[in-house]
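Let chain A serve as the given structure and place chain B on it in line with the hints.
In the order they appear, the protein sequences are chains A and B.
Heads up, the first sequence is in our numbering, so the first residue is 1 and it goes up one at a time.
Heads up, the second sequence is in our numbering, so the first residue is 411 and it goes up one at a time.
What the hints contain is simulated information worked out from the structure, not anything from laboratory work.
Be aware that one or more of the hints could be misleading.
[What the hints assert, rightly or not] Pairwise CB distance ranges, derived in the manner of DEER restraints:
id, chain 1, residue 1, chain 2, residue 2, range
1, B, 456, A, 147, 27 to 37 Å
2, B, 648, A, 46, 53 to 63 Å
3, A, 364, B, 811, 56 to 66 Å
4, A, 172, B, 810, 50 to 60 Å
5, A, 70, B, 670, 49 to 59 Å
6, B, 459, A, 114, 42 to 52 Å
7, B, 790, A, 313, 29 to 39 Å
8, A, 70, B, 459, 44 to 54 Å
9, A, 191, B, 670, 28 to 38 Å
10, B, 796, A, 46, 21 to 31 Å
[Said to hold, decoys possible] A partial selection of chain A residues facing chain B, derived with a Cβ cut-off under 7 Å:
id, residue
11, 15
12, 18
13, 23
14, 60
15, 62
16, 187
17, 196
18, 261
19, 281
20, 303
21, 307
[Said to hold, decoys possible] To spell it out: a stretch of chain B is covered by chain A in this simulated footprint if at least three of its residues, at any positions, have a beta carbon under 8 Å from a beta carbon of chain A; those stretches are:
id, stretch
22, 550–562
23, 758–771
24, 789–800
Just so you know, even glycine gets a beta-carbon here, dropped at the ideal spot from N, CA and C.
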Amino acid sequence: MQIKPILSAMRQHKAGVILIALQIALTLAIVCNALFIIQQRLEHLSEPSGIDEANVFVISNQWASQSTDQETDAKIQADMAALRRLPSVRDASPSDSYPLRGSGWDDYIMLTPEQTEKTTDADVYLGDEHLLDALGIKLIAGRNFRVDEVGRIGSRQNMASPVVIVTKALADRLYPDGSALGKSFYEMSKTPSTIIGIVDRLQNQSVDTWKTAYAYQSVLRPLRQDNADGLYYIVRAKPGQLADAMREVPKALYAQNRMRILDPKDGELSFAEVRKRAYDTDRGMAVLMGIICVVLLAITAAGIVGLTSFWVGQRRRQIGVRRALGATRRDILDYFLTENFLISVGGLAVGLVIAFGINFWMIARFEMARLSLSYVLIGVVVLLLLGQFATLAPALRASRVSPVEATRSV
Amino acid sequence: MLTYYIELAVRNLKRSPGLTLLMVLTIGFGVAASMTTYSVFRAVSGDPIPWKSSQLFVPQIDMWGPTGRGADGEPPDAMDYADAMKLMRDHRAKLQSAMYQISPSIVPADAGKHPVNTSGHAVSSEFFPMLDVPFLYGNGWSADDDAQRAAVVVISSKLNQKLFRGANSVGKTIDIEGKDYRVVGVLNDWNPQPRFYDVVNSGGFSTGLDDVFLPFDRAISLGMANDGNTNCNEIPKESGFVGLQRSSCVWIAFMAELDDAASAAAYRQYLDGYAHQQQQSGRFAWAPNNRLRNLPDWLDSEHVVPSDTKVSLLVALGLLMVCLVNTAGLLLAKFLRRSSEIGVRRALGAQRNSIYAQFLTEAGMVGMAGGVLGLLLTGLGVLSVGWVLPKEIATLARVDFVLLALTLVIAILATLLAGLYPTFRASRVQPAWQLKSN
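Next up, chain A with everything else stripped away, as it sits in the complex:
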């Protein structure tokens, strides 16, 4: 294929060529950044929580009557007994929070009591000896809490837990050599907490960007939160009985004690709902970027079809002459496809620069990650193919121009 005549023909309609190339450049820049955002969001929202999501649900329980801490604790224990008796419930535990709640309690973790700078940060989960089973998380080393280790914590009470269970992520952060079991750390306190167990995986209470550095780092403490503010009940239904359990649990709780508040809207959430809420923005952003990509590609394709059609119409006579001089249909088809290919390559080269430019700017401005090369490559391939397909119809029409056109005046 001869490129030279194509290039010199392009010089005859510079403006159109520049416009198409510019459009391809901008489209590439936007599409690969958008694809990259989509991929990041999808990756974020498919991070595993580590818990038995299909069967877990959460009750947000608030007390409506004043009572002492001891009375509250008795109420919690009675609730737990009632819940664990339900035929559809496998296990339940009181807690201060649950994974993906959106916000929660996190503490600085230090390795020595004198430290003023934190070693790292971890989310705090409270619960009794049923917490692991209620969440459905796997103990990979050490042991669970014993009943006699479970204590009470009042409102804003400051106390260290002598024994704790940590997630593997936290264990590895504190003791990278894998020797965490039996060792201790300091959780904003001068009293050490000893690691008696390590669980496989448990996601944080918030999945905000600032938490990324502390992802999956949590401390589980054997405590019931018996203050007046209320607390969460993490309930795990028996397999396949989630709906039954979610129907029975509020009834059982109200039967136990009427002076409580289970918000009709948010008082009881299945974990599927929790997950949906936690990643609402991420999913939305991915969908929005997807829509924009599709619209953008459609518009660019339409633009290419439009301008190529115009060029074909403009050059009918020249095509006729070429055909009369022996060019095959295939030659004409190739001519337009090559022309589009050359314009696309030019546009894509400019687009690459813009794409990385936008990405660098977004990194500085919006804490975005570095654009990975594969997304740029996907963008390049998609746009090259798009250009070729968009050119195909007008180019086929061009190839059907009869040599007779050469003798006709326009």
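Chain B in isolation, oriented as in the chain A frame:
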């Protein structure tokens, strides 16, 4: 003359319906995408109290020192109890209020009903006049009520609807956390977005309204715990809510009204004087590092506008730009295809200006059609924005006259802009050359 150009334009547009439709669709989609994301951006970046925002200030005091500062050297964005109370007592602002978030339960008089949980704020009496809070019935409480820790409450119209079926409930009593409170005021619909008086806790936007407002000192004396964020640089020495009050943990929002630059400067000086005094007394081991921002600057420093919203707007503007380039290309094709017609017109005496007028009219008509399509799509877009954005933000986006007018104007201007170069090229057509080649 214009009608003639319009007639010509319509005739020409009809001659190549495919190309025309393509341009209209391009403009329509481009404008609609931009305007939909803009409507969201506009909703979240709006000034919640435009007539007063430059007089409302949020002071920040650096009570944690270098170890507690953000990466940018910022002091904490809330206050501890001691500092907030000191500012309240000194009262150097025209109006001021310390605030903290509460979530008391309300027990309905009807024993058959479950208690309900509410959200609200403990504030001072000056909160209401300072923020120009609108009342449906009654008023805020007095400074005397503040001092006496009176059992008074201001409730939202929504709660008033629920408890009193919307009747004037001023003087009536409600049971909050087991104590009787006298209703002194019922708010008119008041749902400022962002929830500017306590951005730290609302994160800027929230669908839930504050239902109750209680006197700050009363809530403290009853030990009504803080339901909002609490941030600590070190563990409080004592437990409980009282321990929190004696700690350096921050959990209180503060706002002050300072009417002119002089009083703002004086207040700044006062804050620095206070921090300096704390340094001398040994509580702070560092030089004063305070901030006093007016409301717009404060909202900006708290990053109230979600970065997702900004990114979407930028991407949509990028889309609009591609649409412009696309339209320019299509118009170029369309106009140059008529070179011979232009040649004839020019040969018959038409001025370059007339060619300009004719083709820009045509571009303008494409823009108008694209704008109308854009209007429909923007309407659809704003309606369905809840599908992709979190509801506390999506519900804020709305279609109004300004948005519709802007959609149309942008569509027409964009198309005219896109049409400039093609029109220029068309006006340069050499009549002699065109006629000869025929």
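Results of checking the hints against the structure:
A beta carbon spacing of about 55 Å between residue 456 of chain B and residue 147 of chain A contradicts the range 27 to 37 Å that was offered as a hint. Remark: the range hint 53 to 63 Å for residue 648 of chain B to residue 46 of chain A is contradicted by a beta-carbon distance near 44 Å. Checked against the given bound of 56 to 66 Å, the beta carbons of residue 364 of chain A and residue 811 of chain B, roughly 37 Å apart, lie outside it. Checking the proposed 50 to 60 Å range against residue 172 of chain A and residue 810 of chain B shows it holds: the Cβ atoms sit about 54 Å from each other.
Our hint of 49 to 59 Å for residue 70 of chain A and residue 670 of chain B holds, since their Cβ atoms are close to 56 Å apart. The hinted window of 42 to 52 Å between residue 459 of chain B and residue 114 of chain A holds, with their beta carbons roughly 48 Å apart. Hint check: residue 790 of chain B to residue 313 of chain A, Cβ distance near 35 Å, so the stated range 29 to 39 Å holds. Remark: the range hint 44 to 54 Å for residue 70 of chain A to residue 459 of chain B is upheld by a beta-carbon distance near 47 Å.
As the Cβ distance of residue 191 of chain A to residue 670 of chain B is approximately 53 Å, the hint placing it in 28 to 38 Å is violated. Checked against the hint of 21 to 31 Å, the C-beta distance between residue 796 of chain B and residue 46 of chain A comes to roughly 23 Å, which is consistent with it. Of the supplied interface hints, the one on residue 15 of chain A holds, with its beta-carbon coming within about 6 Å of a beta-carbon of chain B, less than 7 Å. A least Cβ separation of about 9 Å between residue 18 of chain A and chain B goes past the 7 Å threshold, and the interface hint is therefore violated.
Because the smallest distance between the Cβ of residue 23 of chain A and any Cβ of chain B comes to about 5 Å, under 7 Å, the interface hint for this residue holds. With 7 Å as the threshold, the beta carbon of residue 60 of chain A stays out of range of chain B, its nearest partner Cβ sitting at about 9 Å, so the hint is violated. The restraint placing residue 62 of chain A at the interface with chain B holds, with a minimum CB-CB distance near 5 Å, inside the 7 Å limit. For residue 187 of chain A, the interface hint is violated, the least distance from its beta-carbon to any beta-carbon of chain B being 9 Å, above 7 Å.
The criterion of a C-beta within 7 Å of any C-beta in chain B is not met by residue 196 of chain A, whose closest approach is roughly 22 Å, and the hint is violated. Given hint, residue 261 of chain A at the interface with chain B, holds; its Cβ is 5 Å from that chain's nearest Cβ, closer than 7 Å. For residue 281 of chain A, the interface hint holds, the least distance from its beta-carbon to any beta-carbon of chain B being 5 Å, beneath 7 Å. With a least beta-carbon distance of about 4 Å to chain B, the hint placing residue 303 of chain A at the interface is held under the 7 Å criterion.
Contact between residue 307 of chain A and chain B, as hinted, is supported at the beta carbon level, the nearest pair being about 5 Å apart and thus within 7 Å. Coverage of the stretch 550–562 of chain B by chain A is violated in this model, with 0 residues showing a Cβ closer than 8 Å to a Cβ of that chain against a need of three. Counting residues of the stretch 758–771 of chain B whose C-beta lies closer than 8 Å to any C-beta of chain A gives 0; at least three are required, and the coverage claim is violated. Residues of the stretch 789–800 of chain B with a Cβ under 8 Å from some Cβ of chain A number 4, which satisfies the need for three, so the listed coverage holds.
The structure fails hints 1, 2, 3, 9, 12, 14, 16, 17, 22, 23 (numbered hints given earlier, in ascending order).
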